[in-house]
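> If you're matching them up, the sequences are chains A and B in order.
For what it's worth, this note's numbering labels the leading residue of the first sequence as 1, then goes sequentially.
For what it's worth, this note's numbering labels the leading residue of the second sequence as 1001, then goes sequentially.
Simulated from the structure, these hints should not be mistaken for laboratory data.
Even for Gly, the Cβ is constructed at its ideal location relative to N, Cα and C.
A portion of the hints provided could be inaccurate.
[To be verified] The list that follows gives simulated cross-link-like pairs (lysine to aspartate or glutamate, EDC-like), each with its CA atoms no further than 16 Å apart:
| no. | chain 1 | residue 1 | chain 2 | residue 2 |
| --- | --- | --- | --- | --- |
| 1 | A | Lys194 | B | Asp1383 |
| 2 | B | Lys1352 | A | Glu266 |
| 3 | B | Lys1290 | B | Asp1327 |
| 4 | A | Lys251 | B | Asp1383 |
| 5 | A | Lys189 | B | Asp1372 |
| 6 | B | Lys1003 | B | Glu1069 |
| 7 | A | Lys251 | B | Asp1372 |
| 8 | B | Lys1337 | A | Asp149 |
| 9 | A | Lys194 | B | Glu1385 |
| 10 | B | Lys1382 | A | Asp274 |
| 11 | B | Lys1329 | B | Glu1404 |
| 12 | B | Lys1382 | A | Glu266 |
| 13 | B | Lys1337 | A | Asp193 |
| 14 | A | Lys194 | B | Glu1404 |
[What the hints assert, rightly or not] So the derived label-pair ranges between C-beta atoms look like this:
| no. | chain 1 | residue 1 | chain 2 | residue 2 | range |
| --- | --- | --- | --- | --- | --- |
| 15 | B | Lys1352 | A | Ala371 | 27 to 37 Å |
| 16 | A | Ile15 | B | Lys1252 | 35 to 45 Å |
| 17 | B | Glu1030 | A | Ala371 | 50 to 60 Å |
| 18 | A | Ile15 | B | Asp1116 | 37 to 47 Å |
| 19 | A | Glu6 | B | Lys1352 | 22 to 32 Å |
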Amino acid sequence: MKKTIEILRKHTMKIVLVLIVIFFSVMTKGQMFAASSFQALIAQNAYVFVLATGMLMCMLTGGNIDLSVGSFVCFIGAIGGIMMVRGGMSVPMAMLLMIGAGVIYGIVEGFLIAYINIPPWIATLAGYLAFRGWGTALLNGATIAPMPDGFIKMFNGSVPDLFGGAGLNITCILVGVIACVLFVILQLKGRNDKVKRGYESESMTSVVVRCVLVCAVILLFAYKLAQAGGIPNNLIWVAVIVLIYNFITSKTTIGRYFYTIGGNVEATRLSGIDTKRIFFLAYLNMAVLTVISAWMTMARLSAANPTAGTNYEMDAISACVVGGVSAYGGSGTVFGMVIGATLIGVINLGMSLMSIDANWQKVVKGVVLLAAVVFEIMNNKEKTKE
Amino acid sequence: MAKILLEMKNITKTFPGVKALDNVNLKVEEGEIHALVGENGAGKSTLMNVLSGIYPYGTYDGDIVYNGEVCKFNKIKDSEEKGIVIIHQELALIPYMTIGENMFLGNERGKSAAIDWNETYGEADKYLKMVGLSESSKVLVKDIGTGKQQLVEIAKAMAKHAKLLILDEPTSSLNEKDSQALLDLLLKFKKEGMTSIIISHKLNEVAYVADKITVIRDGSTIETMDKHTTEISEDRIIQGMVGRELTDRFPKRHDVKIGDINMEVKNWTVHHPLYPERKVCDNVSINVRKGEVVGISGLMGAGRTELAMSIFGQSYGTNISGQLYLDGKEVHLKTVKQAIQNKLAYVTEDRKGNGLVLTNPIKINTTLANLDSISPRKIIDKDKEYQVAEEYRSKLKTKCPTVEQNVGNLSGGNQQKVLLAKWMFADPDVLILDEPTRGIDVGAKYEIYCIINDLVAAGKSVVMISSELPEVLGMSDRIYIMNEGKIAGELSSEEATQEKIMSIIVNSGKGA
């Protein structure tokens, strides 16, 4: 019994996600499982995954957030649009310059927060106001469209099928199968290593259960996406970013320091770690990832417009918090955040399919966010009691 | 005989694992100044917190009888309504508010929806005069010195119609002249019928001002001396404060060869980071040899922690001057990282505040100060990390289910062992241990002492900062006594006694 509760508690968000998917499937009479829904889920939410990855790194350092990301998406869109469309600059050159702008902003923001000790929410509130204004001013309040084809394809296109399957993209299926095999091998190897060295390891049953469930999800996505034209390029961007940051947070020394700073900044400082540098990197990193998500937004709209990126910072923060990233810092994982972002994405998609009024959608999202935080805090209280 | 204003009967207060007060009795007569003395952690402040309602009725055993009736205070407001007002050691004034605003904070004049500022400042000026301050009550608190701030605190207490004034270390942050003025003010109030309880380490002040002196030791009242019936000398008070037997609480150290000087600090001066004109450490010179345990004794606020942290990569203080030699070579340590690389370790007194990451497991805490050594190409070898954590767990006999356990769930003694493990893994030659046994039980203390013995047996040097005299005496080969930022004396373990240390502190406090 106690073990069941333990498992339920550990996987609450995943279970909630499954329940919500089932709920919307019933309410939309199966539309939720249409191939187009899978594609829409990725197309609509790719930017959230990227921004939330950056936000996760900021939040780990002690619940710090970046409010400027939405406005910065707008600003980057404006300069990108001007360079590529009005100026006719080559796409790679323009992208390089946009990244350059992100690095400069990240350095300034990181410097102010880490070395001048400006509270993050104030420093980034300034960015929130200034970049929205600056972006709109550069655009003269108008929209620049369309974006060059080459640029759009990098994000909105999909991987062409190498085998020419009719109606079903075989490459996509193949990648799904390879991903499953890799996952299973890594899981088994990890467990074997632990057993061999006599460390505490989980039971074989739980490894098998996990492998079966994860593979089922991967294959489901692979099959549905194959029907809808193949692997979206956006998904590749997201997957690469998520895997890189998962590696950084779980395996490297620098990733470790993000967590210990969030847990106790003084103890980390007195252990010889340059804590200011970590704060600096968190915000520099956030600005660079914001540029990537600005590209995704520009490609999706095929335009740069003054309202682009509105409320993106809130989407990113919500994804993190719902995904179990502590609002006080020090805990949270990349995969947790992925579950959180997916959960919000599914709720958005399901409500849109049900044609629920956009205003009510916001109410629902607000309630979900609050419920997630309350749950996390109650859960932690329970844990410390034991 | 005068009327008894306050009687605290058989007060017992327990914190998880510790009995802070054990059957304490205190009687205070109306119109007297009653001093409470005792070592750090003896229970003086706890007793006053019980009296003022900070620890509400029901969380302690025993009775408080005030003015003839049994009191059951649930919060500070309850005791203040009766006229019991406590002035804490750390000043509780808000710097960017005026004196008047501070004085009536939580006790505002006028209606609840509209503060009457004329009345506020008028009243405030009246009370300021009573304590002999000529400042206007519209001056910001940050603009007056600490001596005057202390007087404002007293004026604030008067504004609450205090009948019993409790002062916790009122002169600890004051200079000689301000202290004298404050003590004379208390004597003036006494003539006007005010009753005061004063907690102080400065025995000369206590002897000057108090009618009666109650000594508290290890959570119990030892004795109450009456100045009018017995001769009170400082030696007599010290004897009461420390008079306990040293039993076999310290493991023996066998045949540890004391070698060359390992760390030497010369003319070390450190200024306060916020008030750069204040010297926190003043021309301090100390050294420690290989295989030696050097104790640094002194009262809280003597500058010991500040000394240690300023040596440790300048992690405290500004305008640090002086020379630091490690193994004979002068070094300039500007960052904690450099200090660690030069084989120095500082084990903090505040293990929860700046020692451990409580929300992280033992293994992460153990490796934090030396993570690079198990991380080839900056990628953490988690197997190695686990092995290291396990190794130190068994070496230090840390009691925990696994090293995956969060440190926050461990007892104080085990947390302390994790903290020691962390710094031992950083492989230092010199360890500065700041209050290594604070807040842990006797058994765990013994184990920590054994670890210290093992460290020096391996040729390391240990500097042990401790407020517990028996511990300093029991463990050290040599003892420095620090007071008010200066080294007040140095004693070898043979010549040192508790009485000698205390009297060095007391004499240097006189500014002689």
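> Determine for every hint whether it applies to the structure shown.
Each hint, compared with the structure:
{"no.": "1", "hint": "Lys194/A x Asp1383/B", "in the structure": "9 Å, holds"}
{"no.": "2", "hint": "Lys1352/B x Glu266/A", "in the structure": "10 Å, holds"}
{"no.": "3", "hint": "Lys1290/B x Asp1327/B", "in the structure": "9 Å, holds"}
{"no.": "4", "hint": "Lys251/A x Asp1383/B", "in the structure": "12 Å, holds"}
{"no.": "5", "hint": "Lys189/A x Asp1372/B", "in the structure": "26 Å, violated"}
{"no.": "6", "hint": "Lys1003/B x Glu1069/B", "in the structure": "13 Å, holds"}
{"no.": "7", "hint": "Lys251/A x Asp1372/B", "in the structure": "12 Å, holds"}
{"no.": "8", "hint": "Lys1337/B x Asp149/A", "in the structure": "51 Å, violated"}
{"no.": "9", "hint": "Lys194/A x Glu1385/B", "in the structure": "13 Å, holds"}
{"no.": "10", "hint": "Lys1382/B x Asp274/A", "in the structure": "22 Å, violated"}
{"no.": "11", "hint": "Lys1329/B x Glu1404/B", "in the structure": "40 Å, violated"}
{"no.": "12", "hint": "Lys1382/B x Glu266/A", "in the structure": "24 Å, violated"}
{"no.": "13", "hint": "Lys1337/B x Asp193/A", "in the structure": "34 Å, violated"}
{"no.": "14", "hint": "Lys194/A x Glu1404/B", "in the structure": "14 Å, holds"}
{"no.": "15", "hint": "Lys1352/B x Ala371/A: 27 to 37 Å", "in the structure": "31 Å, holds"}
{"no.": "16", "hint": "Ile15/A x Lys1252/B: 35 to 45 Å", "in the structure": "59 Å, violated"}
{"no.": "17", "hint": "Glu1030/B x Ala371/A: 50 to 60 Å", "in the structure": "59 Å, holds"}
{"no.": "18", "hint": "Ile15/A x Asp1116/B: 37 to 47 Å", "in the structure": "59 Å, violated"}
{"no.": "19", "hint": "Glu6/A x Lys1352/B: 22 to 32 Å", "in the structure": "27 Å, holds"}
The structure shown violates the earlier hints numbered 5, 8, 10, 11, 12, 13, 16, 18.
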